[in-house]
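Single-letter residue listing:
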Amino acid sequence: GNSVTQMEGPVTLSEEAFLTINCTYTATGYPSLFWYVQYPGEGLQLLLKATKADDKGSNKGFEATYRKETTSFHLEKGSVQVSDSAVYFCALSTNSGNTPLVFGKGTRLSVIA
Amino acid sequence: GAVVSQHPSWVICKSGTSVKIECRSLDFQATTMFWYRQFPKQSLMLMATSNEGSKATYEQGVEKDKFLINHASLTLSTLTVTSAHPEDSSFYICSARDLGVNTEAFFGQGTRLTVV
Numbered sequence: 869g870n871s872v873t874q875m876e877g878p879v880t881l882s883e884e885a886f887l888t889i890n891c892t893y894t895a896t897g898y899p900s901l902f903w904y905v906q907y908p909g910e911g912l913q914l915l916l917k918a919t920k921a922d923d924k925g926s927n928k929g930f931e932a933t934y935r936k937e938t939t940s941f942h943l944e945k946g947s948v949q950v951s952d953s954a955v956y957f958c959a960l961s962t963n964s965g966n967t968p969l970v971f972g973k974g975t976r977l978s979v980i981a
Numbered sequence: 319g320a321v322v323s324q325h326p327s328w329v330i331c332k333s334g335t336s337v338k339i340e341c342r343s344l345d346f347q348a349t350t351m352f353w354y355r356q357f358p359k360q361s362l363m364l365m366a367t368s369n370e371g372s373k374a375t376y377e378q379g380v381e382k383d384k385f386l387i388n389h390a391s392l393t394l395s396t397l398t399v400t401s402a403h404p405e406d407s408s409f410y411i412c413s414a415r416d417l418g419v420n421t422e423a424f425f426g427q428g429t430r431l432t433v434v
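So the protein sequences, as listed, match chains G and W. Sequential numbering from 869 applies to the first sequence in my numbering. Sequential numbering from 319 applies to the second sequence in my numbering.
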């Protein structure tokens with residue numbers, strides 16, 4: 869079946885440090901891949917997405933590249949800020965809108981000043 | 319992007335009472351909505367898939383008589399926690415996807431339920 873594996877947290881970084889959160893997937897067919905962010909006490913917000921191999925999703929300084937050969941979609945940011953502290957979820961979809969996305973377990977990021 | 323509105327954002331209720339949580343898609347029609355539960359510092363747990371005009375599909379281990387789901391229109395799904403107990407206290411989140419293949423999911427703001 870389809871699954872997403874992302875690195876265990878929590879991750880603690882100093883402000884302006886480089887961030888990488890690893891995400892790998894197993895899927896049948898050709899999935900779309902997503903990163904969602906959840907700030908404390910809120911729902912999830914779409915951060916970025918990629919719908920085919922070699923696509924790069926980017927938003928707010930975050931980037932992730934869809935690597936079919938390594939079945940990966942690692943999230944990166946060159947210089948994190950305190951406001952980036954949140955939980956990050958990697959997810960995939962291989963089907964239409966009547967099926968739920970498949971989520972990883974989430975990675976908690978804390979950025980300290 | 320599309321908006322999903324969830325209400326209330328927080329609620330406190332007494333043990334034994336029922337609580338209704340609403341989830342609305344504001345600018346698209348959602349034939350399917352999803353309900354999740356999230357424990358502190360944990361991932362999302364899919365509870366059920368809500369289908370407009372038909373019965374919800376519950377995940378294994380979720381009590382359908384305790385968590386009643388109604389999806390009466392293309393823009394509204396409700397989750398009712400019946401005879402709530404303290405162990406039902408949690409963060410509940412709804413989600414919907416627009417029609418089409420491989421489209422992203424949009425999430426409500428979540429509801430913090432505390433049963434006292």
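In case anyone wonders, no lab produced these hints; they're calculated from the structure. Since the structure is predicted, the reported quantities are computational estimates derived from the model, not experimental observations. Do not rely on the hints blindly, as some may be mistaken.
Cβ-to-Cβ under 7 Å is the rule here; a few derived chain W residues that face chain G [what the hints assert, rightly or not]:
hint: 1; residue: 362
hint: 2; residue: 385
hint: 3; residue: 411
Think of the CB as a built atom: it goes at the ideal place given N, C-alpha and C, for glycine as much as any other residue.
**Asked** Broken hints, numbered, in rising order?
**Response** 2
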